[in-house]
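Colleague: With the sequences and hints as input, model every part of the structure.
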Amino acid sequence: MKIKHEHIRMAMNAWAHPDGEKVPAAKITKAYFELGMTFPELYDDSHPEALARNTQKIFRWVEKDTPDAVEKIQALLPAIEKAMPPLL
Numbered sequence: 000m001k002i003k004h005e006h007i008r009m010a011m012n013a014w015a016h017p018d019g020e021k022v023p024a025a026k027i028t029k030a031y032f033e034l035g036m037t038f039p040e041l042y043d044d045s046h047p048e049a050l051a052r053n054t055q056k057i058f059r060w061v062e063k064d065t066p067d068a069v070e071k072i073q074a075l076l077p078a079i080e081k082a083m084p085p086l087l
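In this text, residue positions in the sequence shown follow numbering that gives the first Met the number 0: the first is 0, and each later residue adds one.
Accuracy of the hints is not assured; some may be wrong.
When the alpha-carbon atoms are kept at most 27 angstroms apart in a straight line, the in silico BS3-like pairs for lysine-lysine are as follows [said to hold, decoys possible]:
#	residue 1	residue 2
1	Lys81	Lys71
2	Lys71	Lys56
3	Lys71	Lys3
4	Lys63	Lys29
5	Lys21	Lys63
6	Lys63	Lys26
7	Lys81	Lys3
8	Lys56	Lys81
9	Lys26	Lys71
10	Lys56	Lys29
11	Lys1	Lys71
12	Lys29	Lys1
Taking CB as the label site, the calculated pair distances span [unchecked claim]:
#	residue 1	residue 2	range
13	Asp43	Glu80	13 to 23 angstroms
14	Ala51	Pro17	11 to 21 angstroms
15	Lys1	Ser45	25 to 35 angstroms
In short, the hints are calculated from the structure, not lab data. On a predicted model such as this, the values are computed, not experimentally measured, just so you know. Backbone N, C-alpha and C define an ideal beta-carbon position, used for all residues, glycine too.
Modeller: Okay, here's the thing in C-alpha cells:
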C-alpha cells in the first residue's frame with residue numbers, strides 16, 4: 000500500500016514540531032546514506048552547508064504537491080521510515 004503524500008507531510012511536520020526541521024532532516028539524511036540511496040540527491044557531511052541544504056530540500060518537497068516533489072518524497076520514504084521515531 001502506497002502511503003499518501005499528505006500523510007507523510009502530516010507525520011513530518013509533527014516530527015519537526017518540537018525541535019525544528021533540522022532534527023528530522025539530519026536523521027533522514029543519515030538513514031539515506033546508510034541505505035546507500037542516491038535519489039533524490041542529498042548532500043553528505045563533506046559539504047559545509049549539508050544540513051541546511053538537506054533540510055531545505057526535504058521540507059520543500061514535503062510541502063509541495065507537484066508530481067516531482069511527490070516522486071522525490073516517495074523515493075526518500077525508506078530513509079524517512081528508517082529514521083522516524085516509532086510513535087509517529
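Colleague: Against this structure, judge whether each hint is valid.
Modeller: Hint check results:
1. Lys81 <-> Lys71: 16 angstroms, holds
2. Lys71 <-> Lys56: With Cα atoms ~10 angstroms apart, Lys71 and Lys56 stay inside 27 angstroms; holds.
3. Lys71 <-> Lys3: Holds, at about 13 angstroms.
4. Lys63 <-> Lys29: 23 angstroms, holds
5. Lys21 <-> Lys63: 18 angstroms, holds
6. Lys63 <-> Lys26: 21 angstroms, holds
7. Lys81 <-> Lys3: 17 angstroms, holds
8. Lys56 <-> Lys81: Satisfied, since the Cα-Cα distance of roughly 18 angstroms is no more than 27 angstroms.
9. Lys26 <-> Lys71: 17 angstroms, holds
10. Lys56 <-> Lys29: 15 angstroms, holds
11. Lys1 <-> Lys71: 14 angstroms, holds
12. Lys29 <-> Lys1: 23 angstroms, holds
13. Asp43 <-> Glu80: 13 to 23 angstroms: 20 angstroms, holds
14. Ala51 <-> Pro17: 11 to 21 angstroms: 20 angstroms, holds
15. Lys1 <-> Ser45: 25 to 35 angstroms: With a Cβ separation near 34 angstroms, Lys1 and Ser45 satisfy 25 to 35 angstroms, so the hint holds.
In the structure shown, no violation is registered for any of the earlier numbered hints.
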